[in-house]
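K.L.:
In case you want the letters, here they are:
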Amino acid sequence: MKQNTDRIIRLMEICGTHTHAIARAGLKQLLPADVRLLSGPGCPVCVTPPEAIDALAALSHRPGLILCTYGDMLRVPGTSPDISLLKEKSRGARVEMVFSPMDALAMAAAQPDKEVVFAGVGFETTSPGTLAAIRTAEERKIGNFSVFMLLRLVEPAVRALLADPDCQIDGFLCPGHVAVIIGAEGFRFLPEEYRLPAVISGFEPADIWPSLKELIRQVRENDPQLVNLYTRTVSAEGNALAKQLMEDMTCREGALWRGLGYIEGSALGLKSRYKDFDAAARYGIVLPDKSAPTACRCGDVICGKLSPEGCPFFGKVCTPDTPLGPCMVSSEGSCAAAYTYGNLI
Amino acid sequence: MDKTITLDYGSGGRKTASLIHELILPAFGNRYLSTLSDGAVLPGAESLVFSTDSFVVSPLFFPGGSIGKLAICGTLNDVAMAGGEPRYISLSLVIEEGFETHLLENILEDAAAEVRKAGVFVVTGDTKVVEKGSCDGVFINTAGIGVLKRPGLSPAAMKSGDAVLVSGPLGNHGMTILLARHPQLLEGDLRSDCANLAPLAAALYSLGEDLKVLRDPTRGGLATVLSELAESAQLGMEIREKDVPVDPSVRAACEILGMDPLYSANEGKLIAVVSADRAQEALALLRRFPEGEKAAIIGEICEDHPGLPVLRTPWGSSRILTALAGAQFPRIC
Numbered sequence: 002m003k004q005n006t007d008r009i010i011r012l013m014e015i016c017g018t019h020t021h022a023i024a025r026a027g028l029k030q031l032l033p034a035d036v037r038l039l040s041g042p043g044c045p046v047c048v049t050p051p052e053a054i055d056a057l058a059a060l061s062h063r064p065g066l067i068l069c070t071y072g073d074m075l076r077v078p079g080t081s082p083d084i085s086l087l088k089e090k091s092r093g094a095r096v097e098m099v100f101s102p103m104d105a106l107a108m109a110a111a112q113p114d115k116e117v118v119f120a121g122v123g124f125e126t127t128s129p130g131t132l133a134a135i136r137t138a139e140e141r142k143i144g145n146f147s148v149f150m151l152l153r154l155v156e157p158a159v160r161a162l163l164a165d166p167d168c169q170i171d172g173f174l175c176p177g178h179v180a181v182i183i184g185a186e187g188f189r190f191l192p193e194e195y196r197l198p199a200v201i202s203g204f205e206p207a208d209i210w211p212s213l214k215e216l217i218r219q220v221r222e223n224d225p226q227l228v229n230l231y232t233r234t235v236s237a238e239g240n241a242l243a244k245q246l247m248e249d250m251t252c253r254e255g256a257l258w259r260g261l262g263y264i265e266g267s268a269l270g271l272k273s274r275y276k277d278f279d280a281a282a283r284y285g286i287v288l289p290d291k292s293a294p295t296a297c298r299c300g301d302v303i304c305g306k307l308s309p310e311g312c313p314f315f316g317k318v319c320t321p322d323t324p325l326g327p328c329m330v331s332s333e334g335s336c337a338a339a340y341t342y343g344n345l346i
Numbered sequence: 112m113d114k115t116i117t118l119d120y121g122s123g124g125r126k127t128a129s130l131i132h133e134l135i136l137p138a139f140g141n142r143y144l145s146t147l148s149d150g151a152v153l154p155g156a157e158s159l160v161f162s163t164d165s166f167v168v169s170p171l172f173f174p175g176g177s178i179g180k181l182a183i184c185g186t187l188n189d190v191a192m193a194g195g196e197p198r199y200i201s202l203s204l205v206i207e208e209g210f211e212t213h214l215l216e217n218i219l220e221d222a223a224a225e226v227r228k229a230g231v232f233v234v235t236g237d238t239k240v241v242e243k244g245s246c247d248g249v250f251i252n253t254a255g256i257g258v259l260k261r262p263g264l265s266p267a268a269m270k271s272g273d274a275v276l277v278s279g280p281l282g283n284h285g286m287t288i289l290l291a292r293h294p295q296l297l298e299g300d301l302r303s304d305c306a307n308l309a310p311l312a313a314a315l316y317s318l319g320e321d322l323k324v325l326r327d328p329t330r331g332g333l334a335t336v337l338s339e340l341a342e343s344a345q346l347g348m349e350i351r352e353k354d355v356p357v358d359p360s361v362r363a364a365c366e367i368l369g370m371d372p373l374y375s376a377n378e379g380k381l382i383a384v385v386s387a388d389r390a391q392e393a394l395a396l397l398r399r400f401p402e403g404e405k406a407a408i409i410g411e412i413c414e415d416h417p418g419l420p421v422l423r424t425p426w427g428s429s430r431i432l433t434a435l436a437g438a439q440f441p442r443i444c
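Chains as they are written, first to last, in the numbering used here: chain A, 2 to 346; chain B, 112 to 444.
Next comes chain A alone, as it looks inside the complex (with noise of 0.2 Å):
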């Protein structure tokens, strides 16, 4: 690809996987030197506010309650670093790692005796699955499991992104695996609201070149369009069954997001049919409108204002081992994947 230098092009991806991915490949060494890529909120466990991790911090210390979570939520600190369920689960806590809903609910059948808690983290993604977990506990009558609603949707949050006068971007990498379940023309609102270029693209590097390719050409000749390029796994409408999954179970909510703010209508709550199976009311557990302020920039990373290296805590007390927020704990965090894949030469 060639440089034009009239001005810098600003791509996001959206999603912590292709951020990843990209880092991996060494891609941005590739790009023109006009192209700047910034990261965009769709780590699910670095948007979750920190006051959520306190909150299930201190649900895992409940006596007879096991808290099971998907790995890349154990490290991420709350709102002081000596809170993460890691450490809890090292004080006694019973923090059980899995990786799906479902071997959750497997963990509360098999133990009838436990409150089993699931930290439901995600974004449309993973919403679905989440959700037949709470149906097939519904279906089977297990009591004891419980989720703890941390799901949160991609449009709201860009919407939020681009309602921000200091916003410049130029282009979205779309997430493909969100746009598997709500289909492509979930993205269409980019170029039809906002004229700004929407490409659909898969996690391979083989996918992505071509995708920003397609992002860089259509900046330059000014002409916006929604592209999928992700076609052997993402249709125009995308999943039926699992939108009416969450169309029949699920009602949008205000929530806090990590460095967002409160943003309204962006997360999936149950509908009172469900409660019985929402953590939060069955343990009074209410997370705040508002965060409290702290050092950690992972806020300002998330939302493409700072780059990681752009971070004064970024490799110096801020690391992997001893990390201040999700961004460089979460197998998706912007700041992890420059730390682990510091690009050099």
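In short, the hints are calculated from the structure, not lab data. We put the CB at the ideal spot given by N, CA and C, even for glycine. Errors might be hidden in some of the hints.
What the simulated footprint calls covered on chain A by chain B, stretch by stretch (three residues with Cβ under 8 Å from a Cβ of chain B suffice, anywhere in the stretch; the number is not a length) [what the hints assert, rightly or not]:
#	segment
1	88–94
2	100–107
3	313–323
Each computed DSSO-like pair below joins lysine-lysine, with the alpha-carbon atoms no more than 30 Å apart [stated by the list, open to error]:
#	chain 1	residue 1	chain 2	residue 2
4	B	Lys-228	B	Lys-239
5	A	Lys-291	A	Lys-272
6	B	Lys-114	A	Lys-317
7	B	Lys-260	B	Lys-405
8	B	Lys-353	A	Lys-214
9	A	Lys-276	A	Lys-142
10	A	Lys-115	B	Lys-114
11	A	Lys-142	A	Lys-244
12	A	Lys-276	A	Lys-291
13	A	Lys-244	A	Lys-272
14	A	Lys-29	B	Lys-353
15	B	Lys-353	B	Lys-270
16	B	Lys-228	B	Lys-405
17	B	Lys-243	A	Lys-115
18	A	Lys-115	A	Lys-317
Here are a few chain B residues that sit away from chain A, every Cβ distance over 10 Å (derived from the structure) [what the hints assert, rightly or not]:
#	residue
19	Ser-145
20	Ala-223
21	Gly-299
22	Glu-414
Let chain A serve as the given structure and place chain B on it in line with the hints.
P.N.:
Coordinates of chain B only, in the frame set by chain A:
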């Protein structure tokens, strides 16, 4: 150090290093221990190599091996990587109350088979039984003593231009254990590479001083060991990703689960750094063994970017290989 010991301190990565440097070495540091190689070289009329390792793998039986096989091979390998020909083994068992006797028999049979094949003797040991819940089935500690055959193996011997070899495809053990523990994730035919590397190491000793370093990339995988070697020698490394052997099944499982085969554990692979002009000979020596038939030269030592191994990708970009932070997953060995 954190206020409590989290599972990360057993990962073999940077947190394990901090445990060693902040607690173990201040208490015991001496000229033998402080080299922090796989085994200690002890002087005498006949110099000895001494090493020890504990095994807490879960599950106890997995495709390609068991905790019994692992406990023998792991210690034989540590002795061999330090330049020793293994001779004597100690074996201590911590058994959980209620553990089934026939499973213990199977574990000991697996261990005994490796002992016989290697021509070594189990000469001392210990057994403890602990209350139910105090350990998970069986934990094993072994120690090994060998006779030093190749003195002076050390990162300090590495020079710019030396070749970096691996004895075969990487990441099999780590991914096998992960899938054995979570069979619902994926179905596959992965097998642990658990094997005694002493015969391969002995073949490489014939290169004399042209063999610079031997390491077995267990926890933390290839990337962590290369990072430690480069840092210790304050030399750079250029590694060609296209030449690093990874089995297609391991690559596929890693891709699906978001793991990196270069950080996944091995229990039957060695890394050798060899003078450039003997690299092809070293490769031929390794390929004579079934465990080494897919051996490869994956890169070179260089003077640029001292302390850092750099991986060149097939599409012309590069990235630094850093030591494992945290754990990809616990209790693999």
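K.L.:
Take the hints in turn and mark each one as holding or not.
P.N.:
So, going through the hints one by one against the coordinates:
no.	hint	verdict
1	88–94	holds (count 4)
2	100–107	holds (count 4)
3	313–323	holds (count 3)
4	B:Lys-228 - B:Lys-239	holds (27 Å)
5	A:Lys-291 - A:Lys-272	holds (24 Å)
6	B:Lys-114 - A:Lys-317	holds (20 Å)
7	B:Lys-260 - B:Lys-405	holds (25 Å)
8	B:Lys-353 - A:Lys-214	holds (24 Å)
9	A:Lys-276 - A:Lys-142	holds (14 Å)
10	A:Lys-115 - B:Lys-114	holds (28 Å)
11	A:Lys-142 - A:Lys-244	holds (24 Å)
12	A:Lys-276 - A:Lys-291	holds (24 Å)
13	A:Lys-244 - A:Lys-272	holds (15 Å)
14	A:Lys-29 - B:Lys-353	holds (20 Å)
15	B:Lys-353 - B:Lys-270	holds (23 Å)
16	B:Lys-228 - B:Lys-405	holds (22 Å)
17	B:Lys-243 - A:Lys-115	holds (20 Å)
18	A:Lys-115 - A:Lys-317	violated (42 Å)
19	Ser-145	holds (22 Å)
20	Ala-223	holds (34 Å)
21	Gly-299	holds (15 Å)
22	Glu-414	holds (14 Å)
Hint compliance for this structure: hint 18 alone is broken.
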